[in-house]
Amino acid sequence: MATTTTPSPVVTTSIFRRPMSTAGFWSWVTTADHKRIGILYGYTAFVFFLLGGIEALLLRIQLAGPDGAFLSAAEYNSLFTTHAVTMIFLFVMPVSAAFFNYLLPLMIGARDVAYPRMNAVSFWIFLFGGIFIYSSLIFGTSPAPVGGNLPGGGTDASFLGSIPNGGWFMYAPNSGLEFSPGTSLDYAAVGLQILGAASLISAVNFIVTIFNMRAKGMRLLRMPVFVWMTLVVAFLLLFSLPIIAIALFMLTFDRQFGTLFFVASQGGDPILWQHLFWLFGHPEVYILILPAMGIVSEVLPVFSRKPLFGYPAIVFAGAAIAFLGFGVWAHHMFASGIPTVAQAAFGLSTMTIAIPTGIKIFNWMGTMWGGRIQLKTPMLFSIGFVSLFVIGGLSGVTHSIVPSDWQQTDTYYIVAHFHYVLFGGSIFGLFSGLYYWFPKLTGRMYNERLGKTHFWLMFIGMNLTFGPMHWLGLQGMVRRTWVYSADAGLGPWNLVATIGAFIIALSVLVFMSNWAYSKRRGPISPPDPWDARTLEWSLPSPTPEWNFGKEPVVHSLDDFWHLKYEPVEGGRVRRRDNADELVAELMDLHANPEEEIHLPAPSYFPFIVGLGVFIVAYGIIYHTRPWGIPMIVLGMLLAVGSFMGWGTEPLEEIHEEHDDDPGHDDHATAPASDLAGVDD
Amino acid sequence: MAELAHDPYAENALDIMFPPPEGGHGGHGHHESTGIDNRKLGMWVFLSSEFLFFGALITNYLLFKGRDFGADALYPVELYDIPFTSISSFVLLMSSLTMVLAHSSLARGDQEQTRVWLMATATLGLVFISGQFFEFTEFVNQGLKLNVNPAASAFYMLTGFHGAHVVIGVLMLLSLWGFSIRRGGLSEDHGMNLELVGLYWHFVDIVWIALFVIVYLIR
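Order-wise, the sequence lines are chains A and B.
Quick note on numbering: this note's numbering labels position 318 of the first sequence as 318, and the sequence is numbered without any gaps.
Quick note on numbering: this note's numbering labels position 32 of the second sequence as 32, and the sequence is numbered without any gaps.
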């Protein structure tokens, strides 16, 4: 998709020569194109998904039978922590960001996001943050606390045991220096801070993009539901990230500079960590699920051949979930001894969450009701999402009943619950989106048979893995424990769960082979393969670099669909006789723009900002070493210098077929021969 | 789909989707749906996030400031020098005035005045920071180290993060000043940057008003 255009060779004064390549490695490093950044996010997140999946498989091997000896206790702690951190922060969030990046401008009729280069900055910071957390595998240490040897022995010597091991929630006081000496928890605390910064930048970017970059006529209530959910998620990030930032600063200060926030023996307050963490952590749960809800709200109407039932209700329910999401955090803490009145209040507020969620589920069912349902792979995954999410949602409501929650706290019942909403929910929704927009991304069709195989394997594997965990939890199997004894009677269901996990792994292999094959060899996708409703399908696939050859004016919700269908007697609709020609004309019009189009200029600086942040992070952890402070200074200089540096770059470059370019001051510092290679 | 009386694309569908541009200036200029400049809207959005950042810090301080840390514990509140902090607060408040003056000077096109007021704002910010540095040094000398108790930790963290925000603001002001002393002074584009720095600066000021009241005045 990169080679469809010929950016004009603009040369201006800058620290570096202006990046010129439109294909190959450097074009990806310097890109400010939201579609390419989306693709980068997607592939990076998928690599982390594989890592997190391998970690899960190792955990399941350990738990397959009683008295497992595959992992040591320390390795088990490290692996469940890293599995959670990876899946939440390095897979579901960035893969959602991939969808936001790729689709958001296309759906609102824009040529890019509001700040293309900040967009690249947030990707590079995310990537380096992920690498940073995983680098603790090599550099991190987690010796056993003084006077408290873990069962299963040696911690520091073990390779896997050196990655962060305090749980993704990093509860105090376990996360303090006393109980977690060594550096691996510092890697988690500083690494999450970095990932938070990346998400905050994206959140600001997406909010401004949605508010400001809409096509003419694209009023707020004409935006696709996916765009609405992006907006809601961005606001959730905006208001929850600063809270976790403070909590992580406090933890880092406790560990690095000797403050006493969470040190109970010195008057610190470990429960404060829980409050701050879950004040972020619960909105975070909705940050993980709402993008998938947005995707499903796009997929269901298309494959039910009906408009989305109750569009405004779904939109407002999404906003209501986000709003209520800030008022329920203490239901994660019922067992921590908070006052009874607080328990009752948070129990009630938790129950109210079920109302907007129920509205959404009924609206999705209303969408499918009476529709001509086409069971293509995206639709299967969306139906899978709705059904599995209902199971997870119902077990979630049981947590709002405080005495029941006391019984369930820290058992596998909780593990079952959140995997039904996060795996059965988020991940099924995201896979639905990957199949649905695969033709948009690649211009080719995926293999339907392999897609359906993937769905059924994953659906069966998922239920085999996490279904039995409900029973295991109610039988009293405790979370985060590396072994269980044979006489506890937990063996059979655990074996089933392990088999399920390997079926999931198999389904992912099917997905990967489908993707790799279809991306190159799949049949060429027809224009508008799903007879879809939203603007991104009015563009040729793969999307041209400039998105819209001409900027559309929007007249209604599902505008692209109204272009193709006309109302007829009896409140029904009919595909226009000339619909196919209209679509073909549209594609042609967007593929061959007549006007001069400004594209965001590529830049080296976003990458260097990410690199600078990466260096600062090591400097913070090793600030007591002689090279620690110099590293902080060096990293800061790189990051701040890059922001200054890009002030000297042109904001955008003009896409045009001819060469004269009076709009920019062309100092021609590069010899003509250097410009010749641009066109490949 | 009960009522679909109106069919916007009944005829000439593509002409309706892509009407000819008004005013004939070519359709490529960015328009802002809200009418607010992207950068300005972004700054407002970012600052809304900052409110929660300081909100969490203030909550943290309020939680710890009155806790019992033993009979001989030293609390920040025992060391406050209200007259001194009042003066440094006044200095920071005045810097908001000079910031406005810089902004209005540029709006009038008076480059020289803009330079003067930018530098004045940065200087007042630096005076405030020096005051905070002096205050911290005094407190540490009197025994209130970062790690004597959580109240001290929370005090330093809250006022320290505010100070860090002032420092970042000063850096932005100085870089704007650097642009302003070049030949030609500040361009229209820089005018927007000045407005953004102004928004940020006033925000940091407002936070300080809250901190001064909550931390120093309310015992």
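Honestly, the hints are just simulated from the structure, not real lab data.
These numbers come from a predicted model, not from an experiment.
Honestly, I wouldn't trust all of these hints.
[Claimed, not checked] Derived DSBU-like pairs: lysine-lysine, alpha-carbon spacing no greater than 30 Å straight-line:
no., chain 1, residue 1, chain 2, residue 2
1, B, K65, B, K145
2, A, K519, A, K452
3, B, K145, A, K550
4, A, K216, A, K376
5, B, K40, A, K216
6, A, K452, A, K306
[Unchecked claim] A few chain A residues facing chain B, derived, Cβ under 10 Å:
no., residue
7, A234
8, F239
9, Q475
10, V478
11, E551
12, E585
[As the list claims (entries may be wrong)] To be clear about the criterion: a stretch of chain A counts as covered by chain B if any three or more of its residues have a C-beta under 8 Å from a C-beta of chain B, and this derived list gives those stretches:
no., region
13, 249 to 260
14, 266 to 273
Every residue, glycine too, gets a C-beta built ideally from N, C-alpha and C.
Legend entry - Contradicted hints - numbers only: Per hint list: 3, 4, 9, 10 violated.
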